[in-house]
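First to last, the sequence lines map onto chains A, B and C. FYI, the numbering for the first sequence is 1 to 100, going by the working numbering. FYI, the numbering for the second sequence is 101 to 219, going by the working numbering. FYI, the numbering for the third sequence is 220 to 349, going by the working numbering.
Hints in this document: simulated from the structure, not taken from any laboratory. Virtual Cβ for every residue (Gly too), placed ideally from N, Cα, C. Honestly, I wouldn't trust all of these hints.
Below, computed lysine to any residue pairings styled on SDA-like, alpha-carbon distance capped at 20 Å [stated by the list, open to error]:
| id | chain 1 | residue 1 | chain 2 | residue 2 |
| --- | --- | --- | --- | --- |
| 1 | C | K221 | A | P84 |
| 2 | B | K103 | C | A298 |
| 3 | B | K160 | C | A311 |
| 4 | B | K160 | B | D143 |
| 5 | B | K103 | B | F132 |
| 6 | B | K103 | A | Y93 |
| 7 | B | K160 | C | A298 |
| 8 | C | K221 | C | A298 |
| 9 | C | K221 | A | Y93 |
| 10 | B | K103 | C | L301 |
| 11 | B | K103 | A | A94 |
| 12 | B | K160 | B | A112 |
| 13 | B | K103 | C | Q338 |
| 14 | C | K221 | A | M1 |
| 15 | B | K103 | C | M220 |
| 16 | B | K103 | A | R92 |
| 17 | B | K103 | A | M1 |
| 18 | C | K221 | A | A94 |
| 19 | C | K221 | B | D143 |
Some residues of chain A that are not near chain C, with every Cβ distance over 12 Å (derived) [as the list claims (entries may be wrong)]:
| id | residue |
| --- | --- |
| 20 | S18 |
| 21 | L21 |
| 22 | G34 |
| 23 | A42 |
| 24 | T44 |
| 25 | A45 |
| 26 | L52 |
| 27 | P54 |
| 28 | G56 |
| 29 | A58 |
| 30 | D73 |
| 31 | R77 |
| 32 | C80 |
| 33 | T90 |
Some chain A residues judged to face chain B by a derived CB distance under 7 Å, without partners named [to be verified]:
| id | residue |
| --- | --- |
| 34 | S15 |
| 35 | R22 |
| 36 | L23 |
| 37 | R79 |
| 38 | W99 |
Residue-level listing of the chains:
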Amino acid sequence: MNTLHLLSHSPFTDSRLSSCLRLLSIHDGILLSGDAVYALQAGTAQRQALELMPDGIALFALEEDLLARAIGDVPARVRCLDYPAFVELTLRYAKVNSWL
Amino acid sequence: MAKSLLLISRQAPWSGPGAREALDIALAGGAFDLPLAMLFLDDGVLQLTQAQQPAQLQQKDLTANLQALPMFGVEALYACNRSLFERGVDSGALNLPVELLDEHGLSALLQRYDLVITL
Amino acid sequence: MKFAIALFAPPHAPSARRALRFAQAVLAGGHEITRLFFYQDGVHSGSHNVVTPQDELDLSAEWREFVREQQLDGVICIAAALRRGVLSSEEAERHSRPAANLAPDWELSGLGQLHEAMQLADRTICFGGH
Numbered sequence: 001m002n003t004l005h006l007l008s009h010s011p012f013t014d015s016r017l018s019s020c021l022r023l024l025s026i027h028d029g030i031l032l033s034g035d036a037v038y039a040l041q042a043g044t045a046q047r048q049a050l051e052l053m054p055d056g057i058a059l060f061a062l063e064e065d066l067l068a069r070a071i072g073d074v075p076a077r078v079r080c081l082d083y084p085a086f087v088e089l090t091l092r093y094a095k096v097n098s099w100l
Numbered sequence: 101m102a103k104s105l106l107l108i109s110r111q112a113p114w115s116g117p118g119a120r121e122a123l124d125i126a127l128a129g130g131a132f133d134l135p136l137a138m139l140f141l142d143d144g145v146l147q148l149t150q151a152q153q154p155a156q157l158q159q160k161d162l163t164a165n166l167q168a169l170p171m172f173g174v175e176a177l178y179a180c181n182r183s184l185f186e187r188g189v190d191s192g193a194l195n196l197p198v199e200l201l202d203e204h205g206l207s208a209l210l211q212r213y214d215l216v217i218t219l
Numbered sequence: 220m221k222f223a224i225a226l227f228a229p230p231h232a233p234s235a236r237r238a239l240r241f242a243q244a245v246l247a248g249g250h251e252i253t254r255l256f257f258y259q260d261g262v263h264s265g266s267h268n269v270v271t272p273q274d275e276l277d278l279s280a281e282w283r284e285f286v287r288e289q290q291l292d293g294v295i296c297i298a299a300a301l302r303r304g305v306l307s308s309e310e311a312e313r314h315s316r317p318a319a320n321l322a323p324d325w326e327l328s329g330l331g332q333l334h335e336a337m338q339l340a341d342r343t344i345c346f347g348g349h
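Next comes chain A alone, as it looks inside the complex:
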């Protein structure tokens, strides 16, 4: 049963992203929201780690959070979402795991 992981903390001071990466299964997805979108910041180890994930792991970001933070250059594999797309995405995974 695949899981969509929802992250919302900055990856620089927080261990949620690294813990999430260790728990992932091959067809899971990751949705970055809030400060977690900083993981896509160019030139960071976090972005590199996300880019190196196997292709089977889908990567999403909440568009409003990217725009708010002026993060324009995101890896090609990232799908940017608005809220309607966010809702529909949750239905494509068996469950959603929010890293509260």
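Position chains B and C against the provided structure of chain A, taking the given hints into account.
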């Protein structure tokens, strides 16, 4: 058939109500006979050390409440091996009977449950 | 499809706003919300007493309107609320506290309501942290 729930507890025991409030979700679910498991991950493994003295901080005994989990039908208890190791916690001296999991075990665990809450 | 939505963060947290926007999109997408359940610091989003400047987002007011207009089942965990000083008039009286601050659109209840919602819904989404 009831949906199964995995609760992932990541908070240290005395960092606020987080550890206690995660446990309360488990105990409430157990009281309703729901299929539940609890995983201690990251700082959550610090809840499992022995000889804690909550009275020093005027707090209630979390260990005693964790040990009540099997009485509420929650017997599937797990801890992340790496989290224990990183924090210098001796996996042989824990206050709760937990199964230790490596990364492969953690992903397999997560896959098995219908619902997950990570606190 | 039916959604259970749980909120663990207070109204000034960005995740509380995301939860509301998500909930609105759920209904706009033709889906249902089985229940909203506020836990931990999420109970503050039920307070009637949050005051925000006129030119700022009043999220607890928006949540109230949403629950009222859409006639949703909005539940706040009683234990978490009491601990954080979010009280209905009954609880304020029961515990001899000077003021009630829980908006009437919310119901105070236990974690059993969260478990029930998760069992009934097709998807459970939690919002919290930052």
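Outcome of the hint check:
This hinted pair checks out: K221 of chain C and P84 of chain A have alpha carbons roughly 15 Å apart, not beyond 20 Å. With a CA separation close to 25 Å, the supplied pair K103 of chain B and A298 of chain C exceeds the 20 Å bound. A threshold of 20 Å between alpha carbons decides the hint, and for K160 of chain B with A311 of chain C the separation of about 24 Å lies outside it, so the pair is violated. For the hint linking K160 of chain B to D143 of chain B, the alpha-carbon distance of about 19 Å falls within 20 Å, and the restraint holds.
For the suggested pair K103 of chain B and F132 of chain B, the alpha carbons sit about 12 Å apart, so the restraint of at most 20 Å is met. Of the pairs offered as hints, the one joining K103 of chain B and Y93 of chain A holds, with about 15 Å between alpha carbons and a cut-off of 20 Å not exceeded. Of the pairs offered as hints, the one joining K160 of chain B and A298 of chain C holds, with about 15 Å between alpha carbons and a cut-off of 20 Å not exceeded. A C-alpha spacing of about 26 Å is found between K221 of chain C and A298 of chain C, which places the hinted pair above 20 Å, so the restraint is violated.
Taking the CA atoms of K221 of chain C and Y93 of chain A, the gap is about 14 Å. The hint holds against a cut of 20 Å. A hinted pair counts as satisfied when its Cα atoms are at most 20 Å apart, and K103 of chain B with L301 of chain C does not qualify at roughly 29 Å. A hinted pair counts as satisfied when its Cα atoms are at most 20 Å apart, and K103 of chain B with A94 of chain A qualifies at roughly 12 Å. Straight-line distance between C-alpha atoms of K160 of chain B and A112 of chain B comes to about 14 Å, which keeps the hinted pair within the 20 Å bound.
Restraint check for K103 of chain B and Q338 of chain C: the C-alpha separation of about 6 Å stays at or below 20 Å, so the hint holds. Only pairs whose Cα atoms come within 20 Å are accepted, and K221 of chain C paired with M1 of chain A is accepted, the gap being roughly 19 Å. Among the hinted pairs, K103 of chain B with M220 of chain C is consistent with the structure: their alpha-carbon atoms are about 16 Å apart, no more than 20 Å. This hinted pair checks out: K103 of chain B and R92 of chain A have alpha carbons roughly 18 Å apart, not beyond 20 Å.
A threshold of 20 Å between alpha carbons decides the hint, and for K103 of chain B with M1 of chain A the separation of about 13 Å falls inside it, so the pair holds. At most 20 Å may separate the alpha-carbon atoms for a hinted pair to count; K221 of chain C and A94 of chain A meet this at roughly 13 Å. Under the criterion of a C-alpha separation no larger than 20 Å, the hint pairing K221 of chain C with D143 of chain B is inconsistent with the structure, at around 34 Å. Distance check for S18 of chain A against chain C: the nearest CB is about 15 Å away, which clears 12 Å, and the non-interface claim stands.
The Cβ of L21 of chain A lies farther than 12 Å from every Cβ of chain C, with a closest approach of about 17 Å, so its non-interface assignment holds. Not every beta carbon of chain C lies more than 12 Å from that of G34 of chain A, the smallest distance being close to 5 Å; the non-interface claim is violated. Non-interface call for A42 of chain A relative to chain C: holds, since the shortest CB-CB distance, roughly 22 Å, exceeds 12 Å. No Cβ of chain C comes within 12 Å of the Cβ of T44 of chain A; the nearest lies about 18 Å off, and the non-interface call holds.
Every Cβ of chain C is farther than 12 Å from the Cβ of A45 of chain A; the closest lies at roughly 21 Å, confirming the non-interface assignment. The beta carbon of L52 of chain A sits about 25 Å from the closest Cβ of chain C, which is more than 12 Å, so the claim that it is off the interface holds. With a least beta-carbon separation of about 25 Å from chain C, P54 of chain A lies farther than 12 Å from that chain, consistent with its non-interface assignment. Consistency note on G56 of chain A: stated as away from chain C, and its beta-carbon is indeed over 12 Å from all of that chain's, at 22 Å minimum.
Its beta-carbon lying about 17 Å from the closest one in chain C, A58 of chain A satisfies the requirement of being farther than 12 Å from that chain. For D73 of chain A, the requirement that its beta carbon stay farther than 12 Å from each beta carbon of chain C is met, with the minimum near 23 Å. With a least CB separation of 23 Å from chain C, R77 of chain A remains clear of the 12 Å interface cut-off, as annotated. A cut-off of 12 Å between C-beta atoms confirms that C80 of chain A is not in contact with chain C; the least separation is 15 Å.
Remark: the non-interface label on T90 of chain A conflicts with the geometry, its nearest Cβ contact in chain C lying 5 Å away (cut-off 12 Å). Given hint, S15 of chain A at the interface with chain B, holds; its Cβ is 6 Å from that chain's nearest Cβ, closer than 7 Å. Residue-level restraint check for R22 of chain A holds (minimum Cβ-Cβ distance to chain B is 5 Å; threshold 7 Å). For the restraint placing L23 of chain A at the interface with chain B, the shortest Cβ-Cβ distance is roughly 5 Å, inside the 7 Å limit, so the hint holds.
The interface hint given for R79 of chain A is broken, as the beta carbon of that residue sits about 22 Å from the closest beta carbon of chain B, more than 7 Å. Annotation: W99 of chain A was flagged as interfacial toward chain B, and the flag holds, the nearest CB pair being 5 Å apart, inside 7 Å.
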